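Q: Here the protein sequences come in this chain order: A and B.
Under our numbering, the first residue of the first sequence carries the number 1046, and numbering increases by one thereafter.
Under our numbering, the first residue of the second sequence carries the number 1046, and numbering increases by one thereafter.
Read the hints as simulated data drawn from the structure, not as lab findings.
Wrong hints could be hidden among the right ones.
[Unchecked claim] Label-pair restraints from in silico Cβ distances: (1) Thr1551(A) with Glu1147(B): 26 to 36 Å; (2) Asp1315(A) with Ile1258(B): 49 to 59 Å; (3) Arg1471(A) with Asp1079(B): 25 to 35 Å; (4) Asn1118(B) with Gln1441(A): 28 to 38 Å; (5) Ser1150(A) with Gly1520(B): 34 to 44 Å; (6) His1219(A) with Asn1118(B): 24 to 34 Å.
[Said to hold, decoys possible] Output of the computed footprint for chain A on chain B, the stretches with three or more beta carbons under 8 Å from beta carbons of chain A: (7) 1105-1118; (8) 1308-1315; (9) 1394-1408.
Bear in mind that the values here come from a model prediction, so they are computed numbers and not experimental data.
All residues carry an ideal CB built from backbone N, CA and C; glycine is no exception.
Take a look at the letters that make up each chain.
2 protein chains.
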Amino acid sequence: MSSTAIVTEPRNPLIARRLGIDTRHEAVVFLRADSHIVRAEGFTAHARVRVSNGHRSIIATLYHVTSDILHHNEAGLSEAAWRRLGLDGGGNVRVSHPAPLESLSTVRGKVYGRRLDAGSLSSIIGDVAAGRYSDIDLASFITACSARPLDRDEAIGLTRAMVEVGDRLSWNAHPVVDKHSVGGLPGNRTTPIVVSIVTACGLTMPKTSSRAITSPAGTADTMETLAPVDLDLKTMRRVVEREGGCIAWGGAVRLSPADDILITVERALDLDSEGQLIASVLSKKIAAGSSHVVLDVPVGPTAKVRSTEDARSIAQGLVEVAQAFGLTAKPVFTDGTQPVGRGIGPALEARDVLAVLGNAPDAPPDLRERAVLLAGTLLELAGKAPEDAGLAMAEQVLASGQASAKFERICAAQGGRRTPPTSSHRHTIAAQSAGRVVAVDNRRLARVAKLAGAPDAKAAGVEVHVSLGEEIERGHPLYTVHAEAPGELGYALEYAAANADIYIVTPP
Amino acid sequence: MSSTAIVTEPRNPLIARRLGIDTRHEAVVFLRADSHIVRAEGFTAHARVRVSNGHRSIIATLYHVTSDILHHNEAGLSEAAWRRLGLDGGGNVRVSHPAPLESLSTVRGKVYGRRLDAGSLSSIIGDVAAGRYSDIDLASFITACSARPLDRDEAIGLTRAMVEVGDRLSWNAHPVVDKHSVGGLPGNRTTPIVVSIVTACGLTMPKTSSRAITSPAGTADTMETLAPVDLDLKTMRRVVEREGGCIAWGGAVRLSPADDILITVERALDLDSEGQLIASVLSKKIAAGSSHVVLDVPVGPTAKVRSTEDARSIAQGLVEVAQAFGLTAKPVFTDGTQPVGRGIGPALEARDVLAVLGNAPDAPPDLRERAVLLAGTLLELAGKAPEDAGLAMAEQVLASGQASAKFERICAAQGGRRTPPTSSHRHTIAAQSAGRVVAVDNRRLARVAKLAGAPDAKAAGVEVHVSLGEEIERGHPLYTVHAEAPGELGYALEYAAANADIYIVTPP
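Model the full assembly from the supplied sequences, consistent with the hints where possible.
A: If you want it as C-alpha cells, here you go:
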C-alpha cells in the first residue's frame, strides 16, 4: 500500500451495518459524529464520501449520528448503499474523501449557458446511473436543462447517453413495434388491447410496462391480474417468439436506469423539460429494440401536455430525435380531460380490458376507440396496413374476436390466464343534486382509489358511472368504491365524504 | 374534529423518537414501511410530509425503514426535525400529507424565465427559513437564480426578504461600521485589527463573526483564543457601549437564517450567482444595523472572484443594492493569490494578529497592509478621516499602540484577555530543491492544517515560511505543521508527504 493510499483511505475499516433505511436511489452512509474517522478526516454532515468494500466503491451522502443506534466502529448503510456495494454477506468498508466528479463541472457550465456536448452528456448520465450524483446534484441538472432548454443535438446526445448506460434488447424480427403514453391518465389501459390487435395482425410487439409508483395502477399491475407478468428475459423471448408479443413487467431488464433516477427528482420538482421528456420516452424505446413506435399524447388542462402548441412542439422533437436513431415515431394526440374507461385500480381496469376484447355490449367506448386508434396507427406505421386503412383493420380484428383469442394465447404463454379478483366491500357515491356533469378532479379520484387499497389490494379502486357532459338525476350513482377490507373502504369513504366536489354537477 | 381533519390527520398519533441523526437543516422523519400509517396514507419513500405535535408543525422528508431500529407506532426524527418541533420533553406526533407550497410554483416560473417579484421572494425566503424547502427544492431555486440571473430589483427583493425573516439589531450610535470579506482566504484575519483601529478612532463597530465550517479557522475561532466570543446580545451591547466595538461570535443572533440554509446547498453545488452573493453579504450587514460597510474582495484564480471584470460587476451590484437600504458600501479589491500572514489555524492566526497590533518587527507585512487599507477606507467612508487621509490615520493609530491598547480593553470587556495556546508537537517541511516559489495550493495547505486538528485543536495548524516569488535554497523551511497530539501530527505529515507539490519551486 503506497503512502497516498494510506492517507486517502482510513487505516481501520468499519463494520458495515444494514440500517434498513430506504432513501430511494441516493446512497447514504451513517457515521458516529464522535468517531475517529469523522474527526480525523474532517467529514462534515452531508458531505459526499467514497465508501469501498475492496470489491466495489460508491459515492454516498454522509449523515452524522449522535446517538447509540450505531457504534463508533460501524458504518450504517442505507438500502441503496448496501445494495450497490453487494454487501449481502456483510463485511467491512472504508470511508474516504472522493475525487471530485468531473461531470459536475459541465453541469455548472450548462447553468451558465454553455451547451452540453455528447461527451459531457455521456459522462453526466454515466455518473447518474452509477449513483454518483446526490439529489442536490440531480435537482441542479434537471433545473439547468429546464432553464436553459436543450437544443435538438443536446436532446439526441442525452437520449444516446441514456441508452448507453442500460441494457439493450434485440429481436430476430423487423419491424418491432411499441407504444407509449406520455403522462398518465387514470384508467388509460390500452396496452393489452393494442398488443393483442397488432400481434394478431402479425406484427412483433414485445411490450414491457411499469408498475404504479404514485398512481392507483400501472399497466403491469393491471396485467398481473390477468396473467403472470414477472418474466425473465428468456421467458419473454419465448413468449414473443411463439405469439409475436407479450405484456410483461419491465423490472427484469434495466432499459434506461438513469431515467428511472432522474424521473423521481423531476417528479419531486414538478419540472419536465421538453428535452428530458423526449430523452426519457425514446431512450426506453430504443433500448427495447423497437423500430416503430406510436406515442399516445393526452392533451388537457391537468395532463402533462396542456396546450396544442406544446403538443406540436413535443411531437416535432420526438419525431426528429427518433429519426436520429433510425426509429420511426408517430405521436397521436388524445383527449386528456377525464379518466378512460370505467375502472381505476388493477382488477377494475382489467375488467374494462376484457370487456373491450370480448366486444361486450357495455364495454367502455372511449377505451375501445383509443385502443383501435393506436393499433390502427401502428399497423399503418409498420406497413401492415395501407395508409388510412389501419383503423378499419384494427376494428375488424377486434370485432371478429381474433384480438381476444390472441390475448388468451399470450396470457397462456406468459404462464396462464387468471381471473381478476372481485372486491368484497363496496359503496356507491351518488349525486347530491340533478344536473350536468361538468368537471372531474382526476387527482382526487385517483386518491380515493389508493385509499381503498389500490394497487396492492388488486380488487380495490374506483368504478366510474358518469362521463363529462352527461345529464343526471339527483341520486344517480357517480362512482363506486371497491375495497378488500372494511377498514380501507371506510378510509376511502371518509375522504370521499370530505371531498364531495370531486365531480361537479351544475343545475340543468 | 371535522371529517376533513380525520382524513388529513391519521387517528393514531405516533411516539416521537429522537434518532440522533444529523441531516443538517433538512428535517427528516423515519417511519416503518409496513406501518399502518404509511400504507393507509400511501406515503412513498422520500415523500414530503407534515409532522405536527399539536403545538408546532413542520414539513419533513420521509424515509421508509424496513428494519427493527423503529417500532410500528414510532416516528423517528432527525435532529433538525426534533429541534424545530421543540420535542425535548418527548411526546406524540401526527404525520399527514402537507398542503402544496405555493412559493415553489414561483420558483418553477423563474426556471421558465418569469421574474420574481418582491412578494414571491418574500414567500420563498419565508418558506426556506421555516425549513419547508427540501434540499432538492433549494438546489432548484439556487440553480434557477444562476441560470436566469437576478436583475437589480430581484437582488433587492431577495436581500429584503432575507432581512425580514431574521433578527435585526439596532444601536444608539451613528455611523455604525462593519467589514466583510467576500470568499475566504486562509489566514485573512484582519477583523480584530480593523475593529481595534477604527474603534480607537471613535467609530462604532459591533462585529459578529462566524466559526469555521469547512476551513481550518473562522474569525470567531481565532478570536476565541484571545478572549471569550460567545456573548449574548446583552453582553455584546455592554461591550459596544463601553468600548465602541466587539469581536463576537454571531451565534447568539440569527441575522439571516435563510442565508445560512442556502449557503450550505450553494457550497455543495459550487454555484454562487452574483445576485445571491450580494443578498447573502448585504442581508447580514443590514440586519446587524450597519450604516457603512467596507467589503474586502480578494481576486485571484482560485478565489471566489476570479477576474477584474467579475469584480467590477459584483462591486457595482453591491453598492447599488446597499444604497436601496440606505447602507453605504465600498468594495476594496485585494490580492487573492496566496494565504495572508503566516499562521493557518486559530492560535497561529491569533499570534499574527498580536504581532501586527504589537508592531513586532517580524509581524507579517501583508496582514498589516490589508488591515490598514480596510481600516483607512472605513475611516474615510464613515467621515472620520478626510478623503485620502484614512490610510495615514489608521497607520498612525496602529503604530502608536492605540489600536493595541483598544484591543486589550475590548478583550477585557468581553471577559478577559487569553493567551493563545502553543502546540506540543511540530514538524517542519523543507524544500526538496533550490529555486523560486511560484505557486501554492491554498486548498491542500488548509487540509494539512485541518488534518493536524484545526480548528477544534486550537494550537493546531500550519505556519508558513515562504511567499510567492521568493528565491530559496534546498532545505529551506516551507511550512511547519503544529499539532496537539502525536496522532494528528502523524496524520497531517502523511498527507504532506504524499502531497509534496503543495508548494511548487522551480529551478532558478
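Q: Taking each numbered hint in turn, which are not upheld by the structure, reported in ascending numerical order?
A: As far as the earlier hints go, 2, 4, 6 and 9 are violated by this structure, in ascending order.
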